[in-house]
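Trainee: Spelled out, the chains give:
There are 2 protein chains.
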Amino acid sequence: MAKVFHRLMKVEEAIELVKKHLKPLELDVEYVSLTDALGRVLAESITAPIDSPPFDRSRVDGYAVYSGSLAEVDEEHPARLKLVGVVETGELPRLEVKPGEAAEIHTGAPLPRGADSVVMVEYTRRLDGEVLVYRPTYPGENISQAGTDIMVGEVVLRRNTVLTPREIGVLAALGLDKVPVYRRLRVAVVSTGVEVQPPGKPLEPGKIYDVNSYTISCMARELGCEPRILGTYPDDFELLRKVIGEAVEEYDVVLSSGSTSAGFGDIIYRVFDSLGEPGVLVHGLLMRPGKPTVAAVVGGKLLVGLPGFPVSAMMAFHVFVKPLISHLTGVPVEEETRVLAELPLRVQAGGGRRVLIPVSLVSNPSGGLSAYPISGDSGAISRLALADGFIECPEDREFLDEGERVYVTLFSKAVEPADLAVIGSHCPGLDLLLELLGRTLRVKTVNVGSLGGFLAVRRGEADVAGTHLLDPETMRYNIPFISKYGLEGRVVLVRGYARMQGFIVRKGNPKRIRGFEDLFREDVIMVNRNRGSGTRVLIDLGLRKAAERLGLDFDEAVKRIRGYGLEARTHSAVAAAVAQGRCDVGVGVEAIAHIYGLDFIPIAEEVYDFLIPRDRLSKPSVKLFIKALRSEGFKQMLRDRLRGYRALEETGAVVYDGSNL
Amino acid sequence: MAKVFHRLMKVEEAIELVKKHLKPLELDVEYVSLTDALGRVLAESITAPIDSPPFDRSRVDGYAVYSGSLAEVDEEHPARLKLVGVVETGELPRLEVKPGEAAEIHTGAPLPRGADSVVMVEYTRRLDGEVLVYRPTYPGENISQAGTDIMVGEVVLRRNTVLTPREIGVLAALGLDKVPVYRRLRVAVVSTGVEVQPPGKPLEPGKIYDVNSYTISCMARELGCEPRILGTYPDDFELLRKVIGEAVEEYDVVLSSGSTSAGFGDIIYRVFDSLGEPGVLVHGLLMRPGKPTVAAVVGGKLLVGLPGFPVSAMMAFHVFVKPLISHLTGVPVEEETRVLAELPLRVQAGGGRRVLIPVSLVSNPSGGLSAYPISGDSGAISRLALADGFIECPEDREFLDEGERVYVTLFSKAVEPADLAVIGSHCPGLDLLLELLGRTLRVKTVNVGSLGGFLAVRRGEADVAGTHLLDPETMRYNIPFISKYGLEGRVVLVRGYARMQGFIVRKGNPKRIRGFEDLFREDVIMVNRNRGSGTRVLIDLGLRKAAERLGLDFDEAVKRIRGYGLEARTHSAVAAAVAQGRCDVGVGVEAIAHIYGLDFIPIAEEVYDFLIPRDRLSKPSVKLFIKALRSEGFKQMLRDRLRGYRALEETGAVVYDGSNL
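These protein sequence lines are chains A and B, in that order.
Residues 1 to 661 (our numbering) are what the first sequence spells out, left to right.
Residues 1 to 661 (our numbering) are what the second sequence spells out, left to right.
Everything labelled a hint here was simulated from the structure, so no lab data went into it.
The beta carbon of each residue, even a glycine, is placed where N, CA and C say it ideally should be.
There may be inaccurate statements among the hints.
[What the hints assert, rightly or not] Pulled from the structure, derived: some chain B residues nowhere near chain A, Cβ distances all over 10 Å:
no., residue
1, Arg125
2, Arg158
3, Val170
4, Arg186
5, Gly231
6, Pro373
7, Glu395
8, Pro480
9, Ser483
10, Met500
11, Ala557
12, Pro602
13, Ala604
[As the list claims (entries may be wrong)] Capping the alpha-carbon separation at 20 Å, the derived lysine to any residue pairs in SDA-like fashion look like this:
no., chain 1, residue 1, chain 2, residue 2
14, B, Lys82, B, Glu96
15, A, Lys413, A, Leu369
16, A, Lys559, B, Lys98
17, A, Lys178, B, Pro198
18, B, Lys619, A, Val333
19, A, Lys201, B, Thr47
20, A, Lys559, A, Glu517
21, A, Lys242, A, Pro278
22, B, Lys484, B, Pro472
23, B, Lys413, A, Val162
24, A, Lys559, B, Arg113
25, A, Lys619, B, Pro332
26, A, Lys635, B, Asp431
27, A, Lys20, A, Gly330
28, B, Lys619, B, Val492
29, A, Lys559, B, Ala71
30, B, Lys291, A, Thr107
31, B, Lys619, B, Leu434
32, B, Lys623, A, Pro332
33, A, Lys559, B, Ser67
34, A, Lys413, B, Gly508
35, B, Lys627, B, Gly597
[To be verified] Going by beta-carbon spacing under 7 Å, a handful of chain B positions derived as facing chain A:
no., residue
36, Ser52
37, Glu91
38, Leu95
39, Thr215
40, Arg221
This is chain A alone, in the form it adopts within the complex (with noise of 0.2 Å):
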């Protein structure tokens, strides 16, 4: 027995170990209503009961006749054919048709006995007791024949084949109102941290929401299982042995995510391996994220635990648990979460271990799509909420390049390309305008700040950026860098909107800020803004002039500042540090500082626009865009719900098409 201890596998080695200690399960099967098979998975071959069709029937409204009796007609020379009576759709016919005889037929009544074809009423003419008939036929005309679609006894339908709307029309037309299904795999998920809090209730201090036992559960779901979730529990090992031993007991398959990683005391690890034989056999994938995976069974049941940052879960279980649900059940994984996709940017991996990146599809100027890495945090709900599914780079990789074409796993089979793809500086204004787009524009918003946007619109990706890059030689806003990223004569930009930037202090102003020269006090701490941010700009500009009136040196002075370090990437990061009283300041949109109760002090109003490429002017979801910013109910939700913000007259327009730089 291979057990291994800390030792780093590959995937795939991991995976075959498991399955070499993992029998296939034998589900029991279970009797559903054909309404209620829809992608339930077939657990018994089904052999066709009765022929399809039944009968020999008749395709047409006409008359069943023996083509012999007809040998030498045509428009001149009409048969006569004896009428022996008429055979109805939905019941046998008991007469038999004879050479020279005819019996009315219609669309869907079987054939009688003698007859071997129907000639359409429109070649016949209806006499008394007799038709006429003015063309030919030959046997087997306008007759859809016994069996000769699905014959008694042939195998129709293999098991383990999921139910679509195709197979259950196929078992309905074959009369099965029941179809033996296997059940559905129980799986129990369990989210274990101290700090972890289930959603639902207000957030207790210090406590983040439970993400995994959801998106775990849901892509279970889509599996074909039945998920259950156990609740979140802290990293305590007799409790943890308790709950998942007995979940072992009562499920198929227990996921747990987090306490995986060494500095937890490795809690699943330990609470696995006291389960039974053969115990933990994974204990750490060559793989970035998801090197903590821990993998046991336990009588026959299988134990993964994946990691706790949510998109990494996410990807683990795709990789890793993905395959030995798929092998346990005996239902081939579906191969149409991939979708092939070409790569923007070159991704740096670091060979030896597989790395697997989250990215954010786009449609390209191609016709195909761009899969977008999402940088960032690796335990950030936003990269959650862009992520469509990621890609993989292999072990004996140490990059993948720009333009490369990738596979992207799916993270769910109902994740879509968007209609609008909107790349850039993130503001409310611009959420209140995507709001206002309303139905059927799906709509995905990539918030990679100013300078990214122009990136994006340059590599073709964005659909509009929202931008508000301030020129400090010029001092104006977003169209000197037009020519700066080469984009002259390929981009139009529309104008946006004003809003306020300023101080953001606690309620009642208790530091008593008025300027950028209170910042350089010994009792205030700062919150200050990311590098390249345009409100990082007016808050250098501010303290270089304060510095300059209190005749500091400004490089020498920025140091005394306390806080000055910390870089916020976002004006509600700003808000939220100086709400939760961990700084006194900052700067940031007024619109915010309401948002979170907090007092503002005006600094300068600042202009935000949209960097669009002129190829995409005619683009449908585009020209909804335009139309919704110029709309007057646009202007006066930003009048009506964003405190510090106001459309300009210019608001919609183009103020730059390539000819006035």
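Given chain A, put chain B in place with the hints provided.
Mentor: Below, chain B alone, put in the same frame as chain A:
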């Protein structure tokens, strides 16, 4: 008001006309728990009620410090910081870190006031009441800042978003355990036709089972609707008016199938039009199949009458109903049910109307998909079983060309390409064999006859082709055709098994059939097989000899045989014709006679083989196929379950590999 009667409309024109009279629904909002929200549609945009992360949190285990305290630090010159306490994960810190101080902090714990970074425990040494730090930090190091991920007030998810595991995770992260979703669209489904019977009870004579209620309701369910099957009804105006009239009151959409062609007196058209304003808007589409489609709007509700044939109804649903449902709900139609494939054959369409052609998808040698048009009877259930989706030939094209790239609309997102494509002659023995292949193999069987199998192999689409082609010149099976189809060196032939052919007659052989001579008798009606089938070769050979013995000219004599022109396409159709008394005798395999409870008079034994392209021999699914063919289990199943079948000494052996022609 543009009411159009009996004028065939282009599909897009018809959709636009209906949309003009059909307002998008303001669906009620209902709150469902997060665990039930998968696949539902978000009814309100979600604004973040909290920041994510909710506080600045440490990404590592270590000490929270002010980076200014570590300005001059390196491995030789550590800083000595005063330890002011421990920040626990899961609670808010009350302490403040001043310059020269440090606080112990764990992964995920909130950063205390005054600290701007965390130094990892690896770079520290703990003393009594103090910490030695051997490395400087930069501000923000090892910290996830509050709100940098998602900020309060930010629109995180927009309404009309379909909730996948990812969105569910985002909602959980924000603490929501109830989600506002639109109620599902209520869709009533009705089948019409006097011959239609619901599945579940034995088929009454002359009836067929209702298929459309099930396929249509499943497709509606996949679109997120709540379908309700109302039942099957005869084509009775008053009855249908009552049923559909009540349905219009109770449901958002009513879908019927059948009874739409002129042959049934336009009952559905008249029913729809009698129910209110504006009534019928579309009565006939420039589309094949689907021409008799009827669409009406009554009191803001959509009514569509679909064709009766199952595959036609499914195609019309996708092309016509889906966009209208999307219009009603505001959820964009999913693009993802379309895949690109290559057309292996030229398809004749006929301009002026759109032609929809059901196709079966198989993998081709270049790694792509080939869309194999499924020919045959429109009403055939086997078409339903084989069709993965359909292709469209637009109004202005006469044909689609061989090798053309076409979009295939899948009948369900759950449709998957097969692991093993078996294309060729059908045989109950082959069914048994595929049954043995068991789990984890997705097998697609396309029954196109032996000849079709050779062609599919030549085009590179079949992994395996069952064949029993007798060469009348050499009287050898299968091998002579390899060179005839230019496949020398490209294929191997694997020996299958032997099966007995003979006369199939009613129990007790009431017509006393003993040989081919009896087929010339006046009181005997035969059923023939299709030209090109192996069995037809056998029949004509037998009749020719019998004619010689009777002193008849063959070509003249067959004209006298009753039923000689009735060409059944399968063994089963032959047996069915005999069992139902429509004919007295036919030729087919003994196993089928046995299944039908008929008598059997042997004629000759034939060999059924498998043609396999050389380049597929290494494919895992093909290896498994050959392994199963060679297995004792299969040989025993042949013996036990199929009368007249037997394994041969060479069963599973390669009898032709290019060198032994």
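Trainee: Of the numbered hints stated earlier in the document, which are not met by this structure?
Mentor: Hints 2, 3, 26, 34, 35, 38 not satisfied by this model.
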